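Number of protein chains: 2
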Amino acid sequence: MDTEISSIGEFGLIDRLTKDFVPVNASTITGVGDDCAVMSYPDTEVLVTTDMLVEGIHFDLTYVPLKHLGYKSAIVNFSDIYAMNGTPRQITVSLGISTRFTVEHIEALYSGIKLACEIYGVDLVGGDTTASRSGLIISITCIGDAKKDSIVSRSGAKNTDLICVSGDLGAAYMGLQLLEREKVASAGQKDFVPKFEGKEYLVERQLKPEARRDIVNKLSEKRILPTSMIDISDGLSSELMHICKRSNVGCRIYEDRIPIDYQTAIMAEELGMNLVTAALNGGEDYELLFTVPLHCHDEIQSIEGIKVIGHITAPELGCAMITRDGNEMVLKAQGFNHMAQ
Amino acid sequence: MDTEISSIGEFGLIDRLTKDFVPVNASTITGVGDDCAVMSYPDTEVLVTTDMLVEGIHFDLTYVPLKHLGYKSAIVNFSDIYAMNGTPRQITVSLGISTRFTVEHIEALYSGIKLACEIYGVDLVGGDTTASRSGLIISITCIGDAKKDSIVSRSGAKNTDLICVSGDLGAAYMGLQLLEREKVASAGQKDFVPKFEGKEYLVERQLKPEARRDIVNKLSEKRILPTSMIDISDGLSSELMHICKRSNVGCRIYEDRIPIDYQTAIMAEELGMNLVTAALNGGEDYELLFTVPLHCHDEIQSIEGIKVIGHITAPELGCAMITRDGNEMVLKAQGFNHMAQ
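Line by line, the protein sequences give chains A and B. Here this note's numbering is used: the first residue of the first sequence is 1, the next is one more, and so on. Here this note's numbering is used: the first residue of the second sequence is 1, the next is one more, and so on.
Bound conformation, chain A alone (with noise of 0.2 Å):
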């Protein structure tokens, strides 16, 4: 069951890693096996996003199963895709691997991207394999398309839209204190059983988020273009400020419509954690962030899974969150920061 990179090499690993992905979209041409792979997009605009994982930065594989890694991933970066109102089609995979890991490891984060890649509907097209000094490093790439009029930026939002985001925020910044907490709690300890029970919704969030393509399609079954958007990956204050400052607009939401979870709720209670402040900036959420015209606003309402939750202002009004008491509080992109410290 251990078996060392260097007794196949890296060819050899790769051929084993790729050997299974069957591609299914019509873009692409030839993937894994050249020096290039090669894609066709004649009626389309071609999108690209990239995102790095780095071992002790991102991910602690103390608590985060390989193929769960392997899963998000790929998601960060559909998640990206959809946030241009794209369809993710392609992805490179390009990985940094220290000698502690054997086949069987990457085989297992390779489970998970092919997972991925299987309900999202995307093909692994190439990548990099290599060594790294220490730990584990996952770069990902991803190629997606979408119809020149239908995509959707940061810089269009417009005085009086609608504010919306899709799911709700804050679970998996919960997810990721409760599995802290319980890492440190089993240090030292042989049988160590994790308190999950009743906050399996959080641990889920942190581990194997999904990208909003659902939101996506609803929005396009009701032919509703938003006017911007953007997906929440460093928290929903940081986010909201990027469509404001990218569209030279302001915006004013409202505390008492940030949609979060009860387990969320409980588990800022049980940490005394500032439950508005996890959902404003806790990140890795992955929901979807959009504005749309005010004339929407019946239509949005009587789609699940979005809350309106404010609207965009005149540019001098600056970003500010109404609390419940009805006092006004200037948001600030505190985000998730990993250059800060």
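Calculated from the structure, these hints are not laboratory results.
In this list, chains with the same sequence are indistinguishable; a pair is considered to hold if it fits within one copy or across any two.
Here are the simulated lysine-lysine pairs, DSSO-like style, with alpha carbons at most 27 Å apart:
#, residue 1, residue 2
1, Lys19, Lys332
2, Lys19, Lys245
3, Lys148, Lys19
Just so it is clear, the structure is predicted and the values come from calculations on it, not from any experiment.
Keeping the supplied structure of chain A fixed, place chain B upon it in accordance with the hints.
Below, chain B without anything else, positioned relative to chain A:
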């Protein structure tokens, strides 16, 4: 001169690094600043390639200047696009950065990436910047284009085709040996001056390789479409075996025809290393290895910088080199294998 990255944050760093990049390609619709870059390729196929460079595995900052490293990181990706007979158009740059790097360090790295982009006409359209636990990680993805009928894969080599190589081989590997030797010699010495005199070409080949756009252009001018092509990153022997395996053919190359610079030969002599082994297995040459139909012989010979080194055979003859003394030596893909340590 030493600005901590944490003092300007991830977004501040990205703004500072990317502000001077001006897109030059019609296919680049929007670049840095949204969830995805947007491109348009209505009349051509899209090529994608990716490479990851890890400190301590692919480069040693003791003797590699950051600007050169940035340049080389971009070039190795461009080289893969040219090896498909395409034109590189866009890159995304993902960096993992440990705390010992300052804003100025990363600016130096980017100045090399920018220079490569300017010289080769490529647009920076996105990326990801994150922390790393140890050292510098560079993951670049390059997008390019090619007309459908002119894409050259690894799989089209036919019996009797001529095997051609651009430039000369083994110099980058000897440059690495030289740099490593001088690093050892410099240990503990304060005002050490490395001995590079008469070996400048080797150092340049290792630190500042070029992608062979000129060769691709010359072949196009002469209307010669190679039957197969690959760039030499892992060594001639390894790359030739990729072509033979994918094309289901064998090959014979001639030791006395392998192009080697005199500085490479002198350095091999000095180090007591086998010169032909260095040329066959050295790696990092970034020259083009390709095959053309036999009838192209005279035209190919007339192009400066291209050498015919052998021919393709039936698959049952295997892959071998005819040595200077007339013996057959079976080729082995021992190349650069980072996974084998």
